[in-house]
Each structure stands twice: as structure tokens, then as C-alpha cells.
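A.B. asks: Modelling step: build the complete structure from the supplied sequences, incorporating the hints.
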Amino acid sequence: MSMIAVNGLDVWYGDGRDLVHAVRNASFMVAPGESFGLVGESGSGKSTILRAITGLAQNWSGIIEIEGQPLSPRKRDREFYKRVQMVFQDPYASLHPRHTVDQVLSEALNLSGFKGIDRRVSQLLDDVGLGGKFRFRYPHQLSGGQRQRVAIARALAGEPDILLLDEPTSALDVSVQAEILNLLTDLREEHKLTYLMVSHDLPVISHMCDRLAVMKDGEIVETLTVTALRNMQAQHPYSRSLLEASVV
Amino acid sequence: MTLLDVSDLWVKFPTRQGLFEAVRGVSFSLGRERLGIVGESGSGKSMTGRAILRLIRPPGIVEADHITLEGRNLLDLTEKEMRDIRGEKISMVMQDPKFSLNPVMRIGDQIMEAYLVHNRVSRAEAWKKSVEMLTDVSIRDPERVMRAYPHEMSGGMGQRIMIAMMLIPNPQILIADEPTSALDVTVQRQVLDIMDKLVKDRGMGLIFISHDLNLVAEFCDRVLIMYAGRIVETCSANKLHEATHPYTRGLLNSLPRFDQPRKHLDVLKRDPSWADAPSEKGHA
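Order-wise, the sequence lines are chains V and D. Residue numbering for the first sequence follows our numbering, beginning at 1 and increasing consecutively. Residue numbering for the second sequence follows our numbering, beginning at 1 and increasing consecutively.
These are computed hints drawn from the structure, not numbers from a lab. Honestly, I wouldn't trust all of these hints.
Anything over 10 Å on all C-beta distances counts as not near chain D; from chain V, calculated [stated by the list, open to error]:
(1) Glu65
(2) Glu67
(3) Ser72
(4) His96
(5) Leu187
(6) Ala228
Result set (SDA-like, lysine to any residue): computed pairs, CA atoms no more than 20 Å apart in a straight line [stated by the list, open to error]:
(7) V/Lys115 <-> V/Tyr81
(8) D/Lys269 <-> V/Gly144
(9) D/Lys239 <-> D/Glu33
(10) D/Lys269 <-> V/Ser143
(11) V/Lys192 <-> D/His264
(12) D/Lys239 <-> D/Leu215
(13) D/Lys98 <-> V/Ser42
(14) V/Lys216 <-> D/Met153
(15) D/Lys12 <-> D/Pro59
(16) D/Lys269 <-> D/Thr244
(17) D/Lys281 <-> D/Ser46
(18) D/Lys263 <-> V/Asn182
(19) D/Lys269 <-> V/Gly129
(20) D/Lys129 <-> D/Arg202
(21) D/Lys200 <-> D/Met1
(22) D/Lys263 <-> V/Asp210
(23) V/Lys216 <-> D/Gln190
All of these numbers come straight from a predicted model, not from anything done at the bench. Ideal Cβ positions, reconstructed from N, Cα and C, are used throughout, including at glycine.
C.D. replies: Below you can see the structure in the form of C-alpha cells.
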């Protein structure tokens, strides 16, 4: 059984003459423990798919299944958010500026209904390589990479099976990007996670993922394995042009 | 021929913890070439670009032996004289067009303003010149774009409009601060091609500030690598991949490589001595 199954997904924003179809008829499957990538330019609808899965975009039709259970476009229950968590692009915007790391993580643990929060907070910080001295800091006292680690720790708080990663390193320097990507690689192995990762950066996706889908103007134009991509076996002209622009 | 010569440039900001030195004694020259400045955030590369145009306001402090353009030291000029330099002699393209175009002014009026400030011509002529310039940066339907507002444009178009606006006074030097970082890879290529063509055709000098090593290696002639406010290495761009400084090597190795799959990426290990070593001279 696949971990995530998306079939004939349409997502739209606005109505009347402002109606925009952000995603049209998208279909793909992600196996348990797999890492699947979505690449495309800005406006191609790749982040919108993640937003539809998490319930942040509510206007959609089609089928989204998580471990065989279909989702409804309406609000998700707590059980869902214990299974599926998201890491956002901008670590500067996704943390509350007036909450310490401790508050951020405690709240996430509390919402997931855990006991022994004190111990779990320090466990989470160790998991993402931050350590105890960062526990009572505010976001402005952290660097971009450290903030993204906190955001990942928050996503891991409920012990999810699936992480949705929306451009997790595109706001970071390359040296920091390497640290975060290594962390994500290790966490996937340790926690048996399934990744659905969105990025415009083809080398990053091919480093992190097993398979990927190339998106253009809201449609998936091609789904292929990273091995096929490395061997330059992309079929669709758009994937080829993206490949050419990314390989120096 | 040297267009611009910068000698021992320092940029400092007073903070509660004492004086913060963003740029620490940088020297380089620029000819009719494409000079890349690369480094991570906080390395002082943007501050170097801004200091040349004297865009750093008090309490920020800019000190240098000299910043010479056509035999004149820019640091000695009055603010009024400096206004004649900005745009006409040296122009700057910033990172994000969303923040550098005026949102409540039509694009045409903004480009025409850039032209009219430096040239005594009629509005009709300025309009004509602006349309030409937009055509030069490969904007289809320039007449419609002239009448549009910035929010109606995509990021790539916005950036091309910025370039048109910066080039219309026909400057000798263009400082481009991360001009393509907010753009998609395919659009990035178009914008770079346009800049490249304009620089070649007009014989301009270009200072290209970027964090993207591959982009700089491909696009520039010469590269300065900055770390902690100093130049740690200079090399010609096509030799960037043979760079020797451990910082440059570390940056190159931390990039995921398409042709070399591996489980973990190399992590840059910083050596405190890099920040202490004296700045390299960035002269051609």
C-alpha cells in the first residue's frame, strides 16, 4: 500500500473571473519510506499540492489518500497531524518571534498529547543536533540554519510518518544547506520517515529523492526516477530544458 | 583599462557590543569586465557594493584610502555631486524587483523618470527611448508594459524592467546585487543573457554579487571570494573549480552534485584563521 496516493487532483483559488486553477489533474504515489520530489518553476503548483494535503488549501477535488484513507477537503483531525507534518521554506517566518524554542516545541508536544514533555523537548533538540543550550533562546537569537532545525524538530514532535518539505533549504547558504540536507537524510533513516519534498533546485531534489515529478503550469508533465534523470533519460522537453538549465 | 579602483575599504556599524566591521580592508579594481563577488550571507559582499555608491547611511561608517572613478575620489564628493554619479556613471540592480519598483507608479513613468533626471529631453522622446530599452531587455509588448503597474508583472519581467531602468542613463558600471536569486532557473538564464549582451555591446564594467558559485563561475570573467569582510581568494572564473583556499573548496564541496550521487554532503568546517588572514588584493 502506498503512503501517499494522489489521483486526479485539481486545486483552485478564487472564484468568478479571478478563478485560478493552480493544479490540474495531478496524480502520483509515494511508497512507505520513499522520498519523492516535486520540481518546477514558481507558480507551477508544486507547493499548492502540499497545501492541499495539509488542508491549508481547501478548494480541491480528486482523491488524496494517506495510508489508504481518503482525506476530505474539510478540516483535518488531530490524528492526521500526528501522521503528517510540514516544514516551511522560510525559517524566519515560520517561528513565533516571541516564543522560545522551548515554548514552540512544548506546544507541539502538548498538542500531540504527549506526557513527559520536559524530557521529550531535550530529546527533540538532540535529534536535530541543537543541544540543550538552545532551549531557551528566541528565534532572533538563532541563525537561519538553527531556526530551520527548530522547525524540523517541531515537525517531528508528534512522531509523524510523513514529512512534507516545502523548499526547506532555499533560504539558506550552501554550507548550511548541506548541514540541513544531511540532517534530513539521517532523520529519514532513523525515524523511518516518508518525504514529499518540493524544490525548484534540481540538484537538491536529485540528492534527496528516489523519484520525482516535474510540474509545469499546474500539471505534472513527467514522473521519473532520479537514476533515469541522472542518465539524462528525461522524455518531456520541459524536463530536459530544466535539466539543461541546472547542469553546469 | 581601469574604470573603478577601490583601496582599503572598511564598512563599520556601531552596535551595543562595540563596532561591527562588515567589510575589513578590501581592495580591488574593475575594468571593462564582469567581476564576480561571491560569499555567504554576512560576508560583506553586498556592503561592498553599497559602499561604492555611498548608499550606507549614518550611523554606518565607510572608510577607504580611495574609491576612484575617472580620477575622482567618490568619498570626497558632496551629496549633490554623488547624485550625478548614481545612475549616470554607476547603476545598481537589487535583488528583488518587488521591493525596488514603486508599487503605485506606472512602470513607464518610473523608467522615464530615470531617463529624464539625467537628460533634458521631451516626455515623448523619453517614452520612445524607454520603449526601446524595454525591447532591448526582451520584453514583448513594451507599450502595454509601460502602462502597467509593477504588481501586474512576474518576477522575471520585474527584474528585466529594473535592468532596463538602470541601463537607460547609459552608465559605465553596473553593480548587480543578487539580480537573479529571486528568479527561476530558466528565467535566470534569460536575464543573465540579457545582462551579458548589454555589458558586451556597451563595453560596461559589471560587478556581479552572488552567493551562487556555479552561476558566477559560468557568467563572470574574474571572481573575488569574500569571507568575514575580507577577500580570501581571487581567481579567474573559469578556474574557480580549481580554487585552493579551504573556504572556497568547502563551499564547492557542500553543493549537491548531479553527476556524483552520495549519501552525505560535505560540511564546511570553519577555521578561525581564515578571518584573521589579511585581505587579498583583487586587482586584475
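A.B. asks: It remains to establish, for every hint, whether it holds in the given structure.
C.D. replies: Evaluation of the provided hints:
1. In this structure V/Glu65 is separated from chain D by more than 10 Å, as the shortest Cβ-Cβ distance comes to about 30 Å.
2. Interface exclusion of V/Glu67 from chain D stands, the closest Cβ pair being 27 Å apart, more than 10 Å.
3. Even its closest Cβ contact with chain D, about 33 Å, leaves V/Ser72 beyond 10 Å, as expected for a residue assigned away from the interface.
4. V/His96, annotated as away from the interface, keeps every beta carbon of chain D farther than 10 Å; the closest lies near 23 Å.
5. For V/Leu187, the shortest C-beta to C-beta distance to chain D comes to about 13 Å, beyond the 10 Å cut-off, and the non-interface label holds.
6. Separation of V/Ala228 from chain D is adequate, the least Cβ-Cβ distance of about 13 Å exceeding the 10 Å criterion.
7. The hinted pair formed by V/Lys115 and V/Tyr81 meets the criterion: a straight-line CA distance of about 17 Å does not exceed 20 Å.
8. Note on D/Lys269 and V/Gly144: the hinted pairing holds, with a Cα-Cα distance of about 17 Å set against a maximum of 20 Å.
9. Annotation: proposed proximity of D/Lys239 to D/Glu33 holds, straight-line Cα distance about 16 Å (limit 20 Å).
10. Between D/Lys269 and V/Ser143, the direct Cα distance comes to roughly 16 Å. Compliance with the 20 Å bound is thereby established for this hinted pair.
11. Distance restraint check for V/Lys192 and D/His264: the Cα-Cα separation of roughly 17 Å lies within the 20 Å cut-off, and the hinted pair is therefore satisfied.
12. Distance restraint check for D/Lys239 and D/Leu215: the Cα-Cα separation of roughly 13 Å lies within the 20 Å cut-off, and the hinted pair is therefore satisfied.
13. For a cut-off of 20 Å, the pair hint linking D/Lys98 to V/Ser42 stands: about 15 Å separates their Cα positions.
14. With a C-alpha separation of about 19 Å, the suggested pairing of V/Lys216 with D/Met153 holds against the 20 Å cut-off.
15. About 9 Å separates the Cα atoms of D/Lys12 and D/Pro59, which keeps this hinted pair within 20 Å; it holds.
16. Simply put, D/Lys269 and D/Thr244 have alpha-carbon atoms about 15 Å apart, close enough for the 20 Å limit, and the pair holds.
17. Straight-line distance between C-alpha atoms of D/Lys281 and D/Ser46 comes to about 18 Å, which keeps the hinted pair within the 20 Å bound.
18. Taking the CA atoms of D/Lys263 and V/Asn182, the gap is about 8 Å. The hint holds against a cut of 20 Å.
19. Straight-line distance between C-alpha atoms of D/Lys269 and V/Gly129 comes to about 16 Å, which keeps the hinted pair within the 20 Å bound.
20. Restraint check for D/Lys129 and D/Arg202: the C-alpha separation of about 16 Å stays at or below 20 Å, so the hint holds.
21. Between the alpha carbons of D/Lys200 and D/Met1 the distance comes to roughly 15 Å, so the proposed pair stays at or under 20 Å and holds.
22. Among the hinted pairs, D/Lys263 with V/Asp210 is consistent with the structure: their alpha-carbon atoms are about 12 Å apart, no more than 20 Å.
23. The hinted pair formed by V/Lys216 and D/Gln190 meets the criterion: a straight-line CA distance of about 18 Å does not exceed 20 Å.
The structure shown violates none of the earlier numbered hints.
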